[in-house]
Amino acid sequence: MITNYLKIAWRNLIKNKTFSIINIFGLAIGLASFMLIALYVVDEKSYDKFHVNAENIYRINSNIKFGGNHMQMAVSSDAMGAALKADYPEVLEYVRFYNSSGSKLIKKDNEFINEAKVAHADSTIFDVFTFPAIEGEAKNALNEPNTVVITETAAKKYFGTTAALGKILEIKDRNNTVYTVTAVIEDMPRNSHFHFDFLFSMDNVDYGWGNFVSHNFHTYLLLNPGTDHRQFEKNFVQYIDKYVLPQAQQFMDVASMEEFESAGNKLEYSLMPITDIHLHSDLLVEMGVNGNIQYVYIFSAIAIFILLIGCVNFMNLSTARSANRAREVGIRKVLGTEKKSLIIQFLAESVFLVFISLTLAIVISYASIAYFNDIAGKDLVLIDLMNPGILLTLFILPFLVGGLAGTYPAFFLSSFQPISVLKGKINQGFKKSHLRSGLVVFQFATSIILIISTIVVFLQLDFIQNKKIGFNKDQVLIIQGTRVLETNADVFKDEVAKMNGVKSASFAGFLPVSNSSRTDNTFSTEPVMTDKNALSMQIWNIDYNYIPTLGMELLEGRNFSPDYGSDSSAVIINETTAKLIGEENLIGRKIYKNDGNPGAFTPVTIIGIVKNFNFESLRQNVGPLSFQLGYNKSAAAFKIDASDASDLISNIENKWKAMAPGMPFSYDFLDESFDQMYRAEQRIGKVAMSFAILAILIACLGLFGLATYMAEQRTKEIGVRKVLGATVPSIVSLLSLDFIKLVLIAAIIAFPLSWWAMNSWLEEFAYRINIGWWVFMIAGLSAILIALATVSYQAIKAAIANPVKSLRTE
Amino acid sequence: MIKISNLEKIYRTEEVETVALNKLNIEVKEGEFVAIMGPSGCGKSTLLNILGLLDDPDAGSYLFNGIEVAHFNERKRAELRKHNIGFVFQSFNLIDELTVYENVELPLIYTGVKAADRKSRVEYVLDKMQIMHRRKHYPQQLSGGQQQRVAVARAVVNQPKLILADEPTGNLDSSNGNEVMQLLTDLNEQGTTIIMVTHSEHDAKFSHRIIRMLDGQTVMENFLA
Numbered sequence: 001m002i003t004n005y006l007k008i009a010w011r012n013l014i015k016n017k018t019f020s021i022i023n024i025f026g027l028a029i030g031l032a033s034f035m036l037i038a039l040y041v042v043d044e045k046s047y048d049k050f051h052v053n054a055e056n057i058y059r060i061n062s063n064i065k066f067g068g069n070h071m072q073m074a075v076s077s078d079a080m081g082a083a084l085k086a087d088y089p090e091v092l093e094y095v096r097f098y099n100s101s102g103s104k105l106i107k108k109d110n111e112f113i114n115e116a117k118v119a120h121a122d123s124t125i126f127d128v129f130t131f132p133a134i135e136g137e138a139k140n141a142l143n144e145p146n147t148v149v150i151t152e153t154a155a156k157k158y159f160g161t162t163a164a165l166g167k168i169l170e171i172k173d174r175n176n177t178v179y180t181v182t183a184v185i186e187d188m189p190r191n192s193h194f195h196f197d198f199l200f201s202m203d204n205v206d207y208g209w210g211n212f213v214s215h216n217f218h219t220y221l222l223l224n225p226g227t228d229h230r231q232f233e234k235n236f237v238q239y240i241d242k243y244v245l246p247q248a249q250q251f252m253d254v255a256s257m258e259e260f261e262s263a264g265n266k267l268e269y270s271l272m273p274i275t276d277i278h279l280h281s282d283l284l285v286e287m288g289v290n291g292n293i294q295y296v297y298i299f300s301a302i303a304i305f306i307l308l309i310g311c312v313n314f315m316n317l318s319t320a321r322s323a324n325r326a327r328e329v330g331i332r333k334v335l336g337t338e339k340k341s342l343i344i345q346f347l348a349e350s351v352f353l354v355f356i357s358l359t360l361a362i363v364i365s366y367a368s369i370a371y372f373n374d375i376a377g378k379d380l381v382l383i384d385l386m387n388p389g390i391l392l393t394l395f396i397l398p399f400l401v402g403g404l405a406g407t408y409p410a411f412f413l414s415s416f417q418p419i420s421v422l423k424g425k426i427n428q429g430f431k432k433s434h435l436r437s438g439l440v441v442f443q444f445a446t447s448i449i450l451i452i453s454t455i456v457v458f459l460q461l462d463f464i465q466n467k468k469i470g471f472n473k474d475q476v477l478i479i480q481g482t483r484v485l486e487t488n489a490d491v492f493k494d495e496v497a498k499m500n501g502v503k504s505a506s507f508a509g510f511l512p513v514s515n516s517s518r519t520d521n522t523f524s525t526e527p528v529m530t531d532k533n534a535l536s537m538q539i540w541n542i543d544y545n546y547i548p549t550l551g552m553e554l555l556e557g558r559n560f561s562p563d564y565g566s567d568s569s570a571v572i573i574n575e576t577t578a579k580l581i582g583e584e585n586l587i588g589r590k591i592y593k594n595d596g597n598p599g600a601f602t603p604v605t606i607i608g609i610v611k612n613f614n615f616e617s618l619r620q621n622v623g624p625l626s627f628q629l630g631y632n633k634s635a636a637a638f639k640i641d642a643s644d645a646s647d648l649i650s651n652i653e654n655k656w657k658a659m660a661p662g663m664p665f666s667y668d669f670l671d672e673s674f675d676q677m678y679r680a681e682q683r684i685g686k687v688a689m690s691f692a693i694l695a696i697l698i699a700c701l702g703l704f705g706l707a708t709y710m711a712e713q714r715t716k717e718i719g720v721r722k723v724l725g726a727t728v729p730s731i732v733s734l735l736s737l738d739f740i741k742l743v744l745i746a747a748i749i750a751f752p753l754s755w756w757a758m759n760s761w762l763e764e765f766a767y768r769i770n771i772g773w774w775v776f777m778i779a780g781l782s783a784i785l786i787a788l789a790t791v792s793y794q795a796i797k798a799a800i801a802n803p804v805k806s807l808r809t810e
Numbered sequence: 001m002i003k004i005s006n007l008e009k010i011y012r013t014e015e016v017e018t019v020a021l022n023k024l025n026i027e028v029k030e031g032e033f034v035a036i037m038g039p040s041g042c043g044k045s046t047l048l049n050i051l052g053l054l055d056d057p058d059a060g061s062y063l064f065n066g067i068e069v070a071h072f073n074e075r076k077r078a079e080l081r082k083h084n085i086g087f088v089f090q091s092f093n094l095i096d097e098l099t100v101y102e103n104v105e106l107p108l109i110y111t112g113v114k115a116a117d118r119k120s121r122v123e124y125v126l127d128k129m130q131i132m133h134r135r136k137h138y139p140q141q142l143s144g145g146q147q148q149r150v151a152v153a154r155a156v157v158n159q160p161k162l163i164l165a166d167e168p169t170g171n172l173d174s175s176n177g178n179e180v181m182q183l184l185t186d187l188n189e190q191g192t193t194i195i196m197v198t199h200s201e202h203d204a205k206f207s208h209r210i211i212r213m214l215d216g217q218t219v220m221e222n223f224l225a
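Going down the list, the protein sequences come from chains H and R. The opening residue of the first sequence carries number 1 in our numbering; numbering runs sequentially from there. The opening residue of the second sequence carries number 1 in our numbering; numbering runs sequentially from there.
Hints should not be assumed to be uniformly reliable.
[Unchecked claim] Taking CB as the label site, the calculated pair distances span: (1) Ala367(H) <-> Gly112(R): 36 to 44 Å; (2) Gln182(R) <-> Ala801(H): 31 to 39 Å; (3) Tyr138(R) <-> Ile331(H): 42 to 50 Å; (4) Gln465(H) <-> Gly112(R): 32 to 40 Å; (5) Leu63(R) <-> Lys741(H): 41 to 49 Å; (6) Glu74(R) <-> Lys467(H): 24 to 32 Å; (7) Asn466(H) <-> Glu74(R): 21 to 29 Å; (8) Leu63(R) <-> Tyr5(H): 54 to 62 Å.
Keep in mind the hints are simulated off the structure, nothing from the lab. For each residue, glycine too, the CB sits at the ideal point set by N, CA and C.
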């Protein structure tokens, strides 16, 4: 009996090739999308769980609102960890990371290589985190100054072997410090929220230790298992009163935290579980680019919907086709088959098809994982599908989908009286099904939502890229690491400035893109700072040419100029700062800058107001900022004429090599760094587009199948209409209209949903587009056009067929 | 009205060539009632399809009202067909999704009759066929005889000059069959030319003339009446 079932199943598959292909292929694409996205989601959720203590590690976050600036930061003060450990027994250990200099130049043979994955860490790092050592013993490895722990990758890169214990690394810094390798650890896992290849001893950091008011360290606490971290956070009030307030009072006239807060200020600390950081943390000074839980939700939803669309096709086509099996069912019944075994036959067939799809889906995922990794910015491997959750889903799915698709025809057909089945009287019930129409509406609504989302994401990206950001990011070449030129830095800059195609040149250690240096400083509008007159803002050291090179605009006053000897005590402020001060005629006004020592304020004169420019992502509003005359020679910016950029760059490189032999030459363009800030959005755009195309493709496959089926079912009707004088166009529109109606209903459902979804996404941006009505029009029209194109092939084919043939069959 | 000469129609499949019509000559005058008889496969349905401009011949001439239509293209054939020819089929060929009224209305829509005129004309024929009371029903809700009356109503609603009937009583019992034959006779008496394919000698007796076919050729003509 089983062989008979399989034989029939197989022959049906072969006989209806179009349907089989649509059925299997559509579902396979859905399953493949599901698998890839499931991998992505599982990976995103796995971050930092590899630490043995993962459940008890927390990062201290700071939330500071002061002087017109609101900063939510991933860093805390240098002394906080030790103070907490001393005062509260729940704190078993703490570890700090310090990597404010960003990168280090490390000597390999005769060249220096710029390494970005570097940090100074406390020796307790290996008590808190789990980074197994390959060579040496990690514990205590950083106890002494001038020690460094490196990863396997770094060891191989610098020494060609992991046996690097006792070897020496020379760093290009002020003292040309030499470090000894005391341990080699495994590479930090991909799913860690930080990745360092070099961990240097904290003892080598030159810092004004014991400072409770400056926040420059990433601090992680290991709490006693069972500690409620929300409960523990209540201790921070006590901590602030005991340690932070006394130090703050040395700078500022404030009596208590209540007074500080009543002036609209805020100082709060919180603990973030380490396993939450990757998906839930988007603060200032993160250790790297984190993920975003929102995108995990979006991706999950897309995966589920694409899978559903595939399943819907499968069910729709299976049920539609089942009418054609009526004769077989009738004959089987006449020959004495029981209803039960018919049901089993249909269900088994359906499950069999799903298994074929699943096999194909695995092949498709295997073939497309590289592309998916590329657009999603991941390094996923298919073997990770061996996750119990995914495996279980993949195992249950065929039975579920196959069962759902098979149930309706199984029970419907098997319940018929053999005589009426054989007489072909059951076709009626299959022609129009509300369920089937509903499923088509669902498919197209999903597709339209994806189309709209794709358009909106790309419009917003385009908006960001072309927004007037207050500076000119085009054709600005940035040469990194010019600090190593030391005394030659000015010569280098001036020589490059003279080259053909260079319009202006400036040192630019601070740049209006993220991942550039930042310095916060405290000012006050009166000689004595109180909690009310304080100004907390960015202060950037720039030179005379910085503003023209970056194309910034002065609204009032003037730029720094060598003609004025007094400019060393002058500042140029941005519009936001001007608004915070809240006075007219600011040019010539003095404000007071804290130089880092308690109570020591230096007056500086405002000489200009620069038009607001976006120096962080456009997700944020422009904060207060000021320029002072000074040099930060860590990078140089050149406004160039891009027509011969490659020649120019090689000329600059030659100059560099002559002046700084052995030092790494690296450059980038400001507009590219700017675009880097929106990588996540570009990714979501590409992913949405890819899956929108897939969703439409699968939905159209299904629609094509249904249209074919409907045209077949209505052959007689079409024949009659043609005999009575119907024209080909009238038949085509008759057949197409039914489907177009469904797509229209889908559009009506999709519009408000996608409007709502995309509006909440856009809320994240301080600078955003409004979704125009035409976006919906385009999405709706393209869905209709695609549906029409799909259906019309079958409709035209049916319409031009000779009616004699269809009527003869009676 | 109809004059066909040397008409040929050949069906080809990969291996077999079947001659359905073999140099056929037939003439039908306006107002005639002609029955075509012959065994299965003799070519009578093919002939009817060609006469009804549903199919085109491979060779020969077909004069319809003095116009050569043998090589008309699809559009011209449809145009001529919808204004001049009505069809009645053995299996009724009503559209299941449309009501009696809508089925009968269909040819008028395709010939572009205005909605107001359509109503009166449909109601007129429904009344004449005595199925007015069933106008809101769907075909499945009717008996075979009633369905065929609807089909006849649909065939005549456009007042065609020619009605082609393909075994109109084939699916009906004898009393319903007689009713339908009586309808056709009445129509013929009012001036409509009728060509009917049938297996039934009984039905054939309603006609003026019987053309007997075998292997795509006429073998005999009997004049009745």
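(request) Go through the numbered hints given earlier and state which of them the structure violates, listing their numbers in rising order. (result) Numbers 1, 3, 4, 6, 7 - these are the hints that the structure violates, sorted from lowest upward.
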